[in-house]
Amino acid sequence: MTSYAFTDTMTMARRDFKHTARYPMLLVSTVVAPGFLLVMFVTIFGGAMKGVLAGSGSTHYVDYITPSILIQTVAFSAQTTAITVNTDMTEGVIARFRTMAISRPSVLTGTVLGSMLRTVIAIAMLFGVAVGLGYRPHGSLSGWLAALGITGLLMVAFMWLAVGFGLNAKTVAGASSSVVLLEFLPFISGAFVPTGSMPAAVRWVAANQPFNPIIGAVRGLLAGGHVGNQGWVALAWSAGFAALGYVWARRLYDREPGR
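Going by the working numbering, the letters in the sequence shown line up with residues 33 to 291, in that order.
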């Protein structure tokens with residue numbers, strides 16, 4: 033990356049971050065909603081979940097669910113990214129960027145970096161709430177680094193996918209609804225309850241969708257447990273999503289207007 037491209041990318045990243053800050057509801061959905069969701073699940077369902085958690089490796093529901101909400105935080109942030117990108121698209125901002133003497137990849141890369149910064153802040157706030165609720169992870173330094181690495185790669189993947197959704201949608205509502213699947217799939221996984229408690233058909237779906245190994249690996253690494261090949265599966269899914277999102281977003285951005 034040349035110095036000009038780097039400067040353009042950083043400019044676009046700052047623009048994306050400031051752009052989101054001007055829309056309070058987008059900030060709430062990205063930064064505040066995950067913490068609220070964690071409080072709701074722990075305080076309402078925590079007591080009832082004690083028996084269900086037997087054999088899951090977690091004795092407290094807050095330990096079980098915090099990694100799940102962590103991954104959902106990334107999905108919530110992706111929806112915000114799709115909305116802001118589509119707003120730029122429908123208001124003609126992207127068209128103006130295409131005609132300016134700036135690095136073409138910097139427009140998208142800067143958006144992804146700005147979105148990731150917003151997500152990191154949301155994750156930091158989530159961990160603060162989790163610790164206040166009694167979350168005490170016992171993972172080693174290497175476990176933490178591995179968990180954060182998987183989360184970071186997934187963050188890159190979802191932000192590039194969100195950019196693609198934003199560029200592809202015709203309306204803001206369409207961009208927002210395009211990302212709903214990323215927010216919904218964790219509910220059909222071992223994110224909130226162990227898959228062993230599910231009916232057979234649902235359990236099969238939960239065990240064979242991408243969020244299950246990703247959440248399971250992050251949970252196990254933060255807890256200091258053994259994740260086996262789950263970590264490699266999580267990395268494979270995340271890397272695949274990242275490659276797909278990047279290629280798709282770049283093709284949408286580089287295509288001729290009106291096509």
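Hint data in this document are derived by calculation from the structure and do not stem from the laboratory.
Check before you lean on any hint, since a few could be wrong.
With beta-carbon atoms standing in for the labels, derived distance ranges [as the list claims (entries may be wrong)]:
hint	residue 1	residue 2	range
1	Gln-241	Phe-159	23 to 33 Å
2	Thr-203	His-258	40 to 50 Å
3	Arg-46	Arg-130	29 to 39 Å
These numbers were taken from a predicted model, which means no experiment stands behind them.
Quick reminder that beta carbons are idealized off the backbone N, C-alpha and C, glycines included.
Against the structure, the hints come out as follows:
no. : hint                           : result
1   : Gln-241 to Phe-159: 23 to 33 Å : holds (25 Å)
2   : Thr-203 to His-258: 40 to 50 Å : holds (47 Å)
3   : Arg-46 to Arg-130: 29 to 39 Å  : violated (20 Å)
The structure fails to meet hint 3 from the earlier list, while all remaining hints are met.
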